[in-house]
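Asker: In terms of the working numbering, the first sequence opens at residue 1 and continues consecutively.
I should point out that these hints are in silico values taken from the structure, not numbers from a laboratory. It is possible that part of the hints are untrue.
[What the hints assert, rightly or not] Keeping only pairs whose Cα atoms sit at most 25 Å apart, straight-line, the calculated BS3-like set for lysine-lysine is: (1) Lys722 <-> Lys675; (2) Lys282 <-> Lys385; (3) Lys810 <-> Lys783.
[Stated by the list, open to error] For each label pair, taking beta carbons as the anchor points, the in silico distance ranges come out as: (4) Ala597 <-> Arg270: 54 to 62 Å; (5) Asp121 <-> Glu719: 34 to 42 Å; (6) Gly605 <-> Glu165: 15 to 23 Å; (7) Ala747 <-> Val98: 26 to 34 Å; (8) Ala597 <-> Glu18: 48 to 56 Å; (9) Asn741 <-> Ala767: 16 to 24 Å; (10) Ser43 <-> Lys231: 47 to 55 Å.
Glycine included, each C-beta is placed from N, C-alpha and C at the ideal position.
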Amino acid sequence: MEYNFNEIEARWQKAWREQGVYRTVEVEGRPHYYVLDMFPYPSGAGLHVGHPLGYIASDIYSRYKRLRGFNVLHPMGYDAYGLPAEQYAIQTGQHPAVTTEQNIARYREQLDKIGFSFDWDREVRTCDPQYYRWTQWTFIQLFNHYYDEEQQKARPISDLVAKLESGERKVENGEWKEMSEGERQDYLMGYRLAYLADIPVNWCAELGTVLANDEVVGGLSVRGGYPVERKLMRQWSLRITAYAQRLVDGLEQVEWTDSLKEIQRNWIGRSEGAAVWFPLYKEADCKPWMLGGSMEDWKYPKENPEPVPAFEIFTTRPDTIFGVTFMVLCPEHELIEQITTPEKRDEVTQYVTWAKNRSERERQAEVKKVSGVFTGAFAVNPLTKERIPIYVSDYVLAGYGTGAIMAVPAHDSRDFAFARHFGLPIRQVVAPEKDAVSDPSTWEESLDSKTGYSVNSGFVSGMKVKDAMAAVIDRIEELGIGHRTVNYRLRDAIFSRQRYWGEPFPVYYKEGRPQMLPEECLPLELPEVSDFKPTATGEPPLGHAKVWAWDEANRCVVETSKIDHKTVFPLELSTMPGFAGSSGYYLRYMDPRNDSAYFSPEAVGYWQNVDLYVGGAEHGTGHLIYARFWNKFLFDLGLAVKDEPFQKLINQGMIQGRSNFVYRSKQDNNLYISKGLIRNMEEVTPIHVDINIVDNDVLDLDRFKAWRPEFADARFELEDNKYVCGWEIEKMSKSMFNVQNPDDLVARYGADTLRLYEMFLGPVEQAKPWDTGGIEGVHRFLKKLWKLYDGYLNTQSNQNNQNTPDAELKVLHQTIKKITDDIERFSFNTSVSTFMICCNTLTDLKCADPEVLKPLLVLLAPFAPHIAEELWHRMGEQTSICTAQWPVFDERYLVEDTVKYPVQFNGKMRFTLDLPAAATQQEAVEAVMSAPESAKWLGGKEPKKVIFVPKKIINIVC
RNA sequence: GCGGACAUGGCGUAAUCGGUAGCCGCGCCAGACUUAGGAUCUGGUUCCGAAAGGAGUGGGGGUUCGAGUCCCCCUGUCCGCACCA
Numbered sequence: 001m002e003y004n005f006n007e008i009e010a011r012w013q014k015a016w017r018e019q020g021v022y023r024t025v026e027v028e029g030r031p032h033y034y035v036l037d038m039f040p041y042p043s044g045a046g047l048h049v050g051h052p053l054g055y056i057a058s059d060i061y062s063r064y065k066r067l068r069g070f071n072v073l074h075p076m077g078y079d080a081y082g083l084p085a086e087q088y089a090i091q092t093g094q095h096p097a098v099t100t101e102q103n104i105a106r107y108r109e110q111l112d113k114i115g116f117s118f119d120w121d122r123e124v125r126t127c128d129p130q131y132y133r134w135t136q137w138t139f140i141q142l143f144n145h146y147y148d149e150e151q152q153k154a155r156p157i158s159d160l161v162a163k164l165e166s167g168e169r170k171v172e173n174g175e176w177k178e179m180s181e182g183e184r185q186d187y188l189m190g191y192r193l194a195y196l197a198d199i200p201v202n203w204c205a206e207l208g209t210v211l212a213n214d215e216v217v218g219g220l221s222v223r224g225g226y227p228v229e230r231k232l233m234r235q236w237s238l239r240i241t242a243y244a245q246r247l248v249d250g251l252e253q254v255e256w257t258d259s260l261k262e263i264q265r266n267w268i269g270r271s272e273g274a275a276v277w278f279p280l281y282k283e284a285d286c287k288p289w290m291l292g293g294s295m296e297d298w299k300y301p302k303e304n305p306e307p308v309p310a311f312e313i314f315t316t317r318p319d320t321i322f323g324v325t326f327m328v329l330c331p332e333h334e335l336i337e338q339i340t341t342p343e344k345r346d347e348v349t350q351y352v353t354w355a356k357n358r359s360e361r362e363r364q365a366e367v368k369k370v371s372g373v374f375t376g377a378f379a380v381n382p383l384t385k386e387r388i389p390i391y392v393s394d395y396v397l398a399g400y401g402t403g404a405i406m407a408v409p410a411h412d413s414r415d416f417a418f419a420r421h422f423g424l425p426i427r428q429v430v431a432p433e434k435d436a437v438s439d440p441s442t443w444e445e446s447l448d449s450k451t452g453y454s455v456n457s458g459f460v461s462g463m464k465v466k467d468a469m470a471a472v473i474d475r476i477e478e479l480g481i482g483h484r485t486v487n488y489r490l491r492d493a494i495f496s497r498q499r500y501w502g503e504p505f506p507v508y509y510k511e512g513r514p515q516m517l518p519e520e521c522l523p524l525e526l527p528e529v530s531d532f533k534p535t536a537t538g539e540p541p542l543g544h545a546k547v548w549a550w551d552e553a554n555r556c557v558v559e560t561s562k563i564d565h566k567t568v569f570p571l572e573l574s575t576m577p578g579f580a581g582s583s584g585y586y587l588r589y590m591d592p593r594n595d596s597a598y599f600s601p602e603a604v605g606y607w608q609n610v611d612l613y614v615g616g617a618e619h620g621t622g623h624l625i626y627a628r629f630w631n632k633f634l635f636d637l638g639l640a641v642k643d644e645p646f647q648k649l650i651n652q653g654m655i656q657g658r659s660n661f662v663y664r665s666k667q668d669n670n671l672y673i674s675k676g677l678i679r680n681m682e683e684v685t686p687i688h689v690d691i692n693i694v695d696n697d698v699l700d701l702d703r704f705k706a707w708r709p710e711f712a713d714a715r716f717e718l719e720d721n722k723y724v725c726g727w728e729i730e731k732m733s734k735s736m737f738n739v740q741n742p743d744d745l746v747a748r749y750g751a752d753t754l755r756l757y758e759m760f761l762g763p764v765e766q767a768k769p770w771d772t773g774g775i776e777g778v779h780r781f782l783k784k785l786w787k788l789y790d791g792y793l794n795t796q797s798n799q800n801n802q803n804t805p806d807a808e809l810k811v812l813h814q815t816i817k818k819i820t821d822d823i824e825r826f827s828f829n830t831s832v833s834t835f836m837i838c839c840n841t842l843t844d845l846k847c848a849d850p851e852v853l854k855p856l857l858v859l860l861a862p863f864a865p866h867i868a869e870e871l872w873h874r875m876g877e878q879t880s881i882c883t884a885q886w887p888v889f890d891e892r893y894l895v896e897d898t899v900k901y902p903v904q905f906n907g908k909m910r911f912t913l914d915l916p917a918a919a920t921q922q923e924a925v926e927a928v929m930s931a932p933e934s935a936k937w938l939g940g941k942e943p944k945k946v947i948f949v950p951k952k953i954i955n956i957v958c
């Protein structure tokens with residue numbers, strides 16, 4: 001019987017689907033396990049072999065868990081909103097919904113061929129109104145909640161209002177009771193977890209939209225690579241910064257790789273330090289200070305808002321406050337206007353205008369270039385009482401800390417560069433050793449290290465840096481001019497996109513202020529538009545919608561023309577960003593068809609959170625942060641039951657492409673030289689060639705000629721009658737002609753071979769190049785395995801009920817042990833090689849014993865489900881192998897009577913010696929001494945020492 | 001610049017606890033079967049050496065009876081962040 005994988009796989013895929021073997025139902029009393037893949041964006045290009053890598057790994061684990069008796073939730077869906085479909089719509093007029101539908105169908109077809117055990121009844125699509133209804137619902141909740149710093153959790157905004165009403169909580173600059181409704185709403189906007197604000201955003205004119213920080217790299221958009229500029233715009237944002245500390249702390253509880261945790265920590269960027277108020281220098285105000293008067297003469301600016309006497313800075317190095325020689329404000333700082341002296345005004349205004357108009361890209365490209373201007377104003381160092389000049393420079397960022405710094409050029413490289421550029425004094429206040437003070441004017445760089453001792457620093461001189469930090473903060477707090485504080489690099493997430501293909505906001509505007517739609521009116525469905533581009537007036541595409549206004553009285557969407565601002569109001573024109581729909585999808589899978597709630601308490605109570613999450617590390621700073629935030633918010637609301645959504649996370653490595661090249665002669669434009677014949681790479685032009693017409697780096701000449709017209713009458717210089725191509729590892733991409741499509745491989749070798757080969761390539765987490773070369777070996781293994789079982793099936797009638805030979809049981813149990821261990825530690829590449837060894841051994845033993853062959857199939861089933869199921873049935877089983885029992889490893893079969901001891905002399909392995917397993921050290925030494933080889937290695941010397949590790953090794957030191 | 005990961009035959013990799021380095025597969029070499037082989041099977045394949053033997057896990061040092069594995073320094077590659085005070 002031939003191994004007809006095409007027929008077998010199609011047949012079983014159909015049977016599994018019809019029998020619903022992968023349907024998951026919540027059953028009490030069985031242990032549960034949730035295995036999740038990051039759902040894909042269905043792109044027009046379809047899947048390449050890199051995509052299924054993680055899916056195969058998670059599928060193996062899911063199937064394994066099922067065989068071990070777990071109730072496994074293993075769903076799949078689509079992150080269906082996104083830019084490419086919209087870009088395509090702009091170019092072709094094809095509605096994104098249509099494109100998306102087609103792409104999903106193609107993805108599904110490709111996924112189905114690989115034989116995954118997804119429960120497709122639970123599929124979710126982010127663009128489905130029944131799904132995004134809950135994305136919109138969550139947005140409304142975010143709007144209606146604020147973050148309570150004391151309780152460290154989200155609470156209803158109505159609680160905040162109640163506190164303000166009762167006076168339990170004070171408004172900073174006024175009285176709640178005296179505020180108008182509008183003022184109150186504006187005030188509350190400063191607390192809502194989803195809020196509207198004018199913020200400088202990354203505006204991409206080409207895409208007509210705003211991008212999140214992590215969607216911009218080097219001043220260019222990640223998608224498309226278009227220029228991005230800074231622009232002030234009214235945008236929805238999510239107050240993710242409120243959760244910064246919890247996002248850091250939560251990392252302690254999850255089983256993620258250290259590197260990914262570190263990426264998240266860096267992204268959140270927690271830094272401890274001090275906020276310090278520096279008074280402005282004015283003759284009148286500062287006189288008492290300068291004369292050594294009391295600090296209390298000076299008042300906090302919040303209590304005495306006019307005139308502004310001081311400004312706040314943030315520093316992580318309070319210990320260096322004695323080394324401050326100038327101050328720097330960011331160009332956006334509100335104080336600049338007030339403090340700039342008349343004679344400096346023109347210069348400052350000019351600089352500020354220039355700096356503000358500089359695009360993010362220019363700013364980043366010229367990080368090393370120092371620029372800035374003196375305001376003419378001075379501050380007073382609250383500890384030394386020195387007068388300090390205040391500068392403006394764009395190396396201080398508006399978005400971090402307070403947008404103002406105390407500059408300590410001796411111990412901060414950026415301040416150092418600035419000081420050198422403007423000839424400002426540099427004063428050493430930290431030294432590696434107590435007396436290691438030198439002249440800073442001779443320094444080539446600043447001394448940024450946090451180790452060493454404070455010097456020239458008043459009351460902290462001589463202290464270790466760490467102690468000095470604490471001492472300075474204590475003094476500052478005592479004086480009431482500052483306090484210990486923590487800053488985060490993390491910014492609030494901009495949540496508006498000037499785009500069509502995304503979730504509409506459930507928001508309308510009344511008197512310019514946002515109102516939430518009633519929850520019962522959700523979903524607010526995405527309207528049809530006549531054009532997917534921004535409107536002529538620069539509004540988002542939804543501005544083209546004819547039916548896009550909210551009738552408050554009738555609670556429905558009506559024609560835009562009916563807007564009267566009395567009962568019919570305009571709806572929000574922006575849509576939500578890509579991360580909106582992907583932030584909570586894992587929860588929806590638990591209860592995907594629920595139409596009265598996001599998910600039921602029972603469902604989430606049963607599944608809890610994701611036990612194993614598999615996906616690419618590229619989501620380290622985007623999706624994985626947003627989803628954790630989203631989950632924590634739902635946790636605060638009492639919906640999610642776990643604070644962290646993804647308990648264990650595995651990042652599958654990227655599969656790179658292996659490109660092939662032909663070499664065209666520079667002398668003869670039609671001559672292609674085989675790689676081995678090239679004397680000088682200068683003489684040839686390497687040209688990418690489609691990997692599908694190359695086999696083992698040997699070019700198929702006829703197919704090459706047929707590939708493209710310009711190669712039709714190519715001539716070749718061959719070696720050994722072959723044209724050998726060059727190769728290189730590159731990103732897998734269409735333009736390099738190195739894309740490997742899984743469908744082709746499935747058609748040629750079968751899904752089981754593809755699954756095994758992708759695992760065989762190396763550790764799942766490691767980046768590795770795709771090389772189809774080795775797939776033959778894996779395919780041969782399955783053919784050999786087929787033959788092994790075929791042999792049994794053909795001869796079973798002659799079999800007596802003999803006892804199973806020990807050797808066969810031994811290899812079986814070795815395999816059970818190894819495969820179980822391997823799966824538990826996600827080492828699937830070693831599993832495949834274990835199967836090969838097992839199959840080779842059983843073939844050599846001519847094994848034909850169902851007691852060995854059947855359990856082996858169960859072990860194989862998670863990896864190669866089709867062939868396992870087929871052979872399982874051929875061996876007489878009636879039920880699916882998916883519902884079989886994982887074999888139990890029995891130590892008994894592995895017990896050995898003798899051990900092959902490696903014998904070392906002075907740590908070098910010389911020979912091996914078979915000894916009884918129970919041999920003592922004395923017996924072992926005697927055996928070694930009487931072995932003929934020993935004399936040579938002893939060289940007449942007596943052993944000084946003997947190391948004997950039972951069942952491991954013997955080492956003779958002489 | 002800062003942070004993280006990694007470095008083993010011609011190639012992908014293995015060695016899970018400090019105990020025979022190179023399992024398994026690809027490729028290559030030789031042979032068998034064959035009209036043929038890009039099918040199948042058998043054997044070989046880290047390097048140097050005829051052999052005995054020696055060397056060997058990016059380089060240098062250390063700990064240890066013993067190091068791919070632990071420690072220190074250096075080099076290289078990949079990834080993340082990048083004026084974050």
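Asker: At the C-beta level, are Ala747 and Val98 separated by a distance inside 26 to 34 Å?
Answerer: 28 Å, holds
Asker: Is the straight-line distance between the alpha-carbon of Lys282 and that of Lys385 25 Å or less?
Answerer: 12 Å, holds
Asker: Given the hinted pair Lys722 and Lys675, is their Cα-Cα distance within 25 Å?
Answerer: The given pair, whose Cα atoms are some 10 Å apart, holds under the 25 Å limit.
Asker: Is 16 to 24 Å a correct range for the gap between the Cβ atoms of Asn741 and Ala767?
Answerer: 20 Å, holds
Asker: Looking only at beta-carbon atoms, does the pair Ala597, Arg270 fall within the given range of 54 to 62 Å?
Answerer: Because 35 Å falls outside the window, the suggested range is violated.
Asker: Holds or violated: are the alpha carbons of Lys810 and Lys783 at most 25 Å from each other?
Answerer: Between Lys810 and Lys783 the Cα gap is close to 23 Å, so the pair holds against 25 Å.
Asker: Range hint 15 to 23 Å: satisfied by the CB atoms of Gly605 and Glu165?
Answerer: 36 Å, violated
Asker: Determine whether the Cβ-Cβ distance between Ala597 and Glu18 falls within the hinted range of 48 to 56 Å.
Answerer: At 32 Å between Cβs, range violated.
Asker: The hint says 47 to 55 Å between Ser43 and Lys231; measuring C-beta to C-beta, is that right?
Answerer: Violated, at about 29 Å.
Asker: Assuming the hint says 34 to 42 Å, is it satisfied by the Cβ distance from Asp121 to Glu719 or not?
Answerer: 57 Å, violated
Checked against the numbered hints given earlier, the structure breaks hints 4, 5, 6, 8 and 10 and satisfies all the rest.
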